[in-house]
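K.L.:
Here are the chains, one letter per residue:
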Amino acid sequence: MTPIYLQRAALHCALGDDLPSAARALQAGQPPQGEAFVLHEVHESRNYLYAAKTGENLNERLDRLLGETLGTNPQALDDCLLIVASTSLDISELEALTRQQQGFHPEDSTPLDLLANQLRQRWGFASAFTLNTACTSAANGLLYGARLINAGQYARALVLSFETPSAIAMQGFGALMLTSPSGQYRPFHPDRDGLLLGEAYAAVLLGRESGDVPLARLLGGFSACDTSSLTTTREDGSHIHWVMQQALRSADCTAAQIDLVKLHGTATSANDEAEGNGMRLLYGERLPALSLLKPWLGHTLGACGLSESLLLLKALQSGPLPGVNYASQAMLPFSAEPQTLAADSLLLANFFGFGGNNASLILQGCAHGDRA
Amino acid sequence: MTVIAASEVHGLASISDKELKTALSQWLDNPPRRIDRLILQCLLAAAPLKSQLRSNCGLYLASAHPARATMGALLEAVCVQHKQPKPFEFVNSVSNAAGFHIAQQLDIDGPNLFIGAGEQVWGQLQALANLDLQEGLIEQALLLVCDERGDFCVQALLLEGAITGAYANSFAELSVGTEVRRINL
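Order-wise, the sequence lines are chains A and B.
Each number in this note's numbering comes from the position in the first sequence (counting from 1) with 95 added on.
Each number in this note's numbering comes from the position in the second sequence (counting from 1) with 36 added on.
A portion of the hints provided could be inaccurate.
Here are the in silico distance ranges between beta carbons for each label pair [to be verified]: (1) B/HIS118 / A/ASP203: 18 to 26 angstroms; (2) B/PRO123 / A/ASP347: 38 to 46 angstroms; (3) B/GLU55 / A/GLU136: 29 to 37 angstroms; (4) A/ALA191 / B/ARG185: 23 to 31 angstroms.
Going by beta-carbon spacing under 10 angstroms, a handful of chain A positions derived as facing chain B [as the list claims (entries may be wrong)]: (5) ASP208; (6) GLY269; (7) SER323; (8) LEU382.
FYI, nobody ran anything at the bench for these hints, they're computed from the structure.
Everything numeric in this text was worked out from a predicted model, so none of it was measured.
Here a beta-carbon is modelled for each residue, glycine too, at the ideal position from N, C-alpha and C.
Take these sequences, add in the hints, and give me the full structure.
P.N.:
In structure tokens form, the structure reads like this:
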């Protein structure tokens, strides 16, 4: 695939209310503390990693995010596609409405493309649609947005991805017994006990040119459906392995050329087992540097494809990535020490989700001021 | 691009999920359990095309709304009754579960995307599918659009070969010259 630049980006997350401060917090090695909530019926406490509370409603938050992404004096967006990649959409507002009126009426249901349409009209995008493929939503938004640019459909694409602190998500993942009772988010630890959910709002502008402050180039990627189970992928890692191979092929590069793999790493038993097996199938015993982002952001579900990619790429531009403090016990060979990699490192980023959705992206970071 | 097959399901709002399951059982030997109305509707439109599908097929699915009954049950349970959601209802709501079940039942293993269905939905689905068709990632593309505003309508098209020229704006335009299998409930 012809490379497409991640020209400009913004992120609001548990680590910080903008991308540079989140990257600095990551490098300082201070994970967010989170706030407790209680699982209904079982009355057990769990942690949630909130973004900074700003008092904004969703529209105000998304408008601010888009403004930060596009910068001052942005050009007209009539050549730009908007892809809204989210599993939560306006669910927090529907939850508030249901609490207020003590019930939900079918006519309260909102169209899936409501937010995308409203944003298209307010900001003047050429076109817009909502994309929901569970936890691969943003990854697919990046991949298909870039490919639509390459196909000449649009000159630019803006991928907007977010997950709000939804009570249904908190209680639902609790009901599936996938949230961590210990509150320790430890992907690939032998005693891992599940995930922490996180709130995030992320956006990126894609285009053929580098722009002034490019973060990276998207070189390729692949996405496909593993039909073996609605909630897990094949534990032998074979589908993940195939998806990673196809992603590498699309970027015309080999596994050996990859400098760093950003693992999906949910810290659930089945996912980490499958991803670990997929990595061993691809690499055998000689793995490249590995990175985990969910302990720093929480699992931001449909937004993780963007929130994790942006955080990683920004951190690579400004210094080392933090070590993993349980590296000696982990199922994969993580570094216990901070890892310094070149800002233009070649990255393989994995994102997997319910519904059999598996996706891998190939990215190459841009050093500060790196222009085409 | 060739449209190989097309189907269209029309149903009244009063049709129950049980009746949808009965209708589906005429097309599938072993239909999935614990699925919601949106999944049933989409499966009903896709299943008649099964004999013409190859495994190297992508699925591009759109719906105007989420499954309202599922959404309502989740909201009532969590926000009013302060209960945990039923796991299958929760999983059906957060994933593109309809796409998963279609892919599983019809044995297709290509890309599987779910988008909100707005005014430009047929053009958007064709644009996404064409990326995969043009690059040879898939041989076929299955496009589905579900619309339930009172009564419901689900339309499905099976395409082969890359699309050249402008994208058609409607199911009617795309299915010209193709026999449409129609199911009325």
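K.L.:
Any hints from earlier that this structure breaks? Give me their numbers in increasing order, please.
P.N.:
8
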